[in-house]
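Order-wise, the sequence lines are chains A and B. Residues in the first sequence are numbered consecutively from 1, following our numbering. Residues in the second sequence are numbered consecutively from 1, following our numbering.
No wet-lab data here; the hints were simulated from the structure. Hints are supplied without guarantee of correctness; some may be wrong.
[As the list claims (entries may be wrong)] For the chain A half of the interface with chain B, some residues (derived, Cβ under 8 Å), not all of them:
#1 PRO144
#2 LEU146
#3 LEU148
#4 GLY155
#5 SER159
#6 PRO265
[What the hints assert, rightly or not] Taking CB as the label site, the calculated pair distances span:
#7 A/LEU156 x B/PRO135: 32 to 42 Å
#8 B/LEU285 x A/GLY240: 27 to 37 Å
#9 A/THR131 x B/MET176: 33 to 43 Å
#10 B/LEU150 x A/HIS187: 46 to 56 Å
#11 B/GLN265 x A/TRP203: 52 to 62 Å
Please read all numbers here as calculations on a predicted model, not as lab measurements. For glycine and all other residues, C-beta sits at the position ideal for the given N, C-alpha and C.
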Amino acid sequence: MAAPLPDTLLAPGVAVPAPAGAAARRRRRALAPDILIPAAILALIAGGCFLWPLVYPVPAPVGGSILSAGLPPFSPGHILGTDPVGNDILSRILYGGRVSIEVGLAVTLIGLVIGGVMGSVAAYSGGIVDTVLMRVLDVLIAFPALVLAVAIAEGLGPSELHVIWALSFFSVPAFARIARAGTLRLHGQTFMLAARLSGTKAWRILLRHVTPNVLPQLITFGLLGMGVIIILEGALSFLGLGIPDPAPSWGNMIALGQGTLSAQPVLVLIPSLFLLATVLSLNLLGDALRKRWGVR
Amino acid sequence: MAAEAGPAPAGPPAQGVPGDHSPGTAQWGSAGRAVLTSPALRVTGKRLLSAVPVLWGVTFLTFVVMNVLPGDTAQELLGANATPAELQTLRLKLHLNEPFWVRYWHWLSGAAQGHLGDSLVSGQPVTSILGQRLPVTFELMIYTFCLSVLIAVPVAAAAAYRPGGLVDRLSMMLSMAGLSIAPYVLALLLVLIFAVNLRVLPAIGFVPLSQSVVGNIKSLTLPALSIGLPLACFYIRLLRADIVEQMQSEDYVVTARAKGVAPWQVLIRHALRNSMFGFLTVLGLNLGTLIGALVIIEPIFSLPGIGQVLLQSISDRDVVVVEAVVLVFALIVVLANLLTDLLYAVLDPRIRYGRPSA
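Isolated chain B (complex conformation) (with noise of 0.2 Å):
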């Protein structure tokens, strides 16, 4: 959900003693040991593991409802008007007319080997079909994600330099604005005001990066906002309230000023950079949202994404597509966590020197 109340709960590195940088004590493991040891690669390993019962239980999952949904493929391949005889020849050689556990099993037993199979309606491999779809898609996923956090930092870094302050309430304000906007309705005015008004921009179409560096990025720049906008706003509020907690209750804040450091650089410094342990994990928890959010932000802007397959694939009951498609985007939720659980290991030493956790 997009409005999550609150920061998510941080993984256990978040807690604990912020700002404690002290690797001492002999119980927390001796410095100089290898990362390979570590607990991160132990909570990775464990967590990959833990992935696969979700990924098992995701694809039966969408067999089940592609299953129960009334219609099959072969009737609306043929339409209305076919003739039972013209269905079951039809069903009998995309093997429609096996049960159900059958039909599973060699799906299942396909993709266990990397085999995803052929698009019922096309007869094409659906990894050539992923193929020619998701680089569309994993642009402009990077491009929103690097937009929204390109936005949010700045400015929630700006707000909480002064709570309560005219940056502060202003930027509040604004992005409870935005907050609220939803994701296909700014799509719509951005390409009101940037398009129909100012036509810098283009409203629909793709244009590959093989063709243009420019033309692909102003092609992504509408869509990518429309989703990234309202994003950022609530990257905003996040971050901009854990850092004005920081601020205000943390020792080593308080050791710093004390120091002479500048309130600016305390904020950068330190502040902002323990904070962003808590917002780590809301970014990798978002790629849910955004993923959500691509599947009908694409259609809008005519981008010949994996959204627009996905949408056509559940009207025509194609299941090897729609399995294959749900697949991608649970193993993109999953690998995302993971990476913000290594990035973890990486960005903070109390992780990497392996303190045993509480």
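The following block holds chain A by itself, in its conformation from the complex (with noise of 0.2 Å):
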């Protein structure tokens, strides 16, 4: 990191005085707000989603009375209103964020395993198997994802499953190619000219030396990749290729307000809402993480 330039000019060389120095300490040692508040407001989220349902009873997600349809929110029994078909909105979003923050989080840990270990063996092995497994990932970044994404959906089925397995490949490359980045820029280390000198076999290699030292980049990556999943899991829903209709997803629940957009624009907004709220905290985190460790 460059030393701050103040507005008077430092001779090159100069040492910068301590406050910032300080000052980064201090934040090191209690937990930072900008680390506190975007994992407090997640964990908010997930917590909702996943321990609400089970500790306070909220209406079924799915099979509502046609004769409670269209309430708007703050109605009684139903704090955020019910849709066209009567179904509790907050039950909805509730049982729709867990399929988002399931896919996220299935995807990413999926890229992040598969991705990781190819990128870093690839790397470390250099030669031949870099070669093959580099062209790989260059067909799979230049083919457009999202094609790849539909075909599956639409030949398989819509399922969060097949969504999982549809999403992966976008980021399996991805994780896969910062990994390998940051492998290869392990290569002069004295630290694994020395684990190698001294015998040390490559997987452990990989696993000892490797993997702490790629790790922070690739879960910073994990976290801004995790808001690109969610939103492209939307993005299937919307299309009518994630999760089948009467389930919810958040991104089914806005694709089935757009057709009342101008009539019941809650509709779109609460599900948009939560789906920002979640994106925009992963990215606060991961962004703020970044910094913390200083990766770039």
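Reassemble the complex: the two chains are provided individually, in unrelated frames, and hints are given to aid placement.
In structure tokens:
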């Protein structure tokens, strides 16, 4: 990181006075608000989606009565109102959020593990393995991944599991690229050389020396990527290829609300707000961790 | 991925010594050497060659995916009530009964000679379908691209002028929010505001350029904004970070300031100019994201572009059309990256004059 240059010009090589360092140390000791706040919001949303329906009974997200259809927000018994078929919106938000979070987590983890291993193994072994793996990734990256996602969802039928498979085609190559770049950067380092010279096995070097160095970068990328995945899950649902209709997901709630956009914008706005809050928190958290760990 | 962390690793030209424009020393080759023999062109040639296996891989992967999908065009065309005999006749007619390799070879050898074939569903030549739909998509792409860059560059420069200042913090906050909003949500919000409430822009439909220029721009504004705004937010953050880094750490900034050049002039003429290199790479890489977003946004605004064709042809199992569209998309990505490389050569004297790559 470059030393900040104040308005007066510093001669090159002059050390920057302490305040910045002291502030950074203080921040590191306490849990900084830029990490705490988005993490708390995420915990609140995830806790709400997974725990609230267990603790506090909410109406079922499907099979609502047509008699209570189209209630506005703050109606008795339905805090966020009901949709045109009479389902409780709050309940649909909570159950739909489960889908978004599950898909986001699963796809990110698949990308992190498979992509991370692919990338670091390719970079570590070099030669033909690296070339072949990188060519495969080139194809996957040049391939419009949405086409693949649409094809998988279309062919296998829409379901949560298939959405996860489809979206993993986005995450695996992305993680692999980053893991590869991170591993390549370690190549000339002394500790790598020392490990190799002392006869450490390749898998052990990868596990004990490469992983801890590459992981911070992968995790911050994973947080940012998870936001994208949650948005993409919504996009697939939006195209009718995600979570099939009666079951809720934030994406298909937005898509269903599109039809009554001018009459009942709430139906679009409520799930959109939750989607935005989740993705924004993920981005803020990823950004804050990136700053703290000093990864780019 | 839209939110790719940090600035993407810029090509070799962005590294090295930014701001060091001296073409001097003999080992860099004489400054007068023609662009034709410059490494830039050699790199371009190599890139073009390496694009061939990538493009081939993309078409092959598409064929495999379409082949693995359950159901085929005959089934989709005739519906669930078709008799086996009817299905068999149609399959024979469309050559669907031939083995996978034969069909792929047939398509590949045709495509290599420029014959992309006829749609299995409508029998229309694919080239004429592309001819009808591509202009709409291209127009939207260019509009989106220009919009996002035109928003991003001035905002980033203004934010970087005083890091930590009001403009900086405000634009960083807003851009983070903009980055987190899904394009389809933004599309619906924009429709709600500009089409439903204010009634100034159309919510759906497309007016061709030949019919009315103003109408054309109006009909594309909301779709372009829905994709362009989040993209611009991404660019703002990237460019701002890079400019700030340049302003704080580069010797040429110190020199310029010592010479008495005004700070904003240093920013615009030196730092921004140097930051543009990394920015260009990201722009090239990001075209892939843009294409993905188009496929979702086009149906929302019922624009008769290539995205709709793609979705329809996947659901019809129309391999020929899908292949053509995917090939066009992949070509755009490859060509955009190539163009980025060439632009580097034009903009950066170090490459223009043939400095050997490290």
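Going through the hints against the structure:
Taken as an interface hint, A/PRO144 checks out: its beta carbon lies about 5 Å from the nearest beta carbon of chain B, inside 8 Å. With a cut of 8 Å, the hint placing A/LEU146 at the interface with chain B holds, because the nearest CB-to-CB distance is about 4 Å. Taking 8 Å as the C-beta cut-off, the interface hint given for A/LEU148 holds, the closest approach to chain B being about 6 Å. For A/GLY155, the interface hint holds, the least distance from its beta-carbon to any beta-carbon of chain B being 3 Å, beneath 8 Å.
The interface hint given for A/SER159 is broken, as the beta carbon of that residue sits about 14 Å from the closest beta carbon of chain B, more than 8 Å. A cut of 8 Å between beta carbons decides the hint on A/PRO265: the least distance to chain B is about 6 Å, and the hint holds. Checked against the hint of 32 to 42 Å, the pair A/LEU156 and B/PRO135 passes, with Cβ atoms roughly 34 Å apart. With their beta carbons about 30 Å apart, B/LEU285 and A/GLY240 fall inside the hinted range of 27 to 37 Å.
A beta carbon spacing of about 38 Å between A/THR131 and B/MET176 agrees with the range 33 to 43 Å that was offered as a hint. Remark: the range hint 46 to 56 Å for B/LEU150 to A/HIS187 is contradicted by a beta-carbon distance near 41 Å. In this structure the supplied range 52 to 62 Å holds for B/GLN265 paired with A/TRP203, their Cβ-Cβ distance being about 55 Å.
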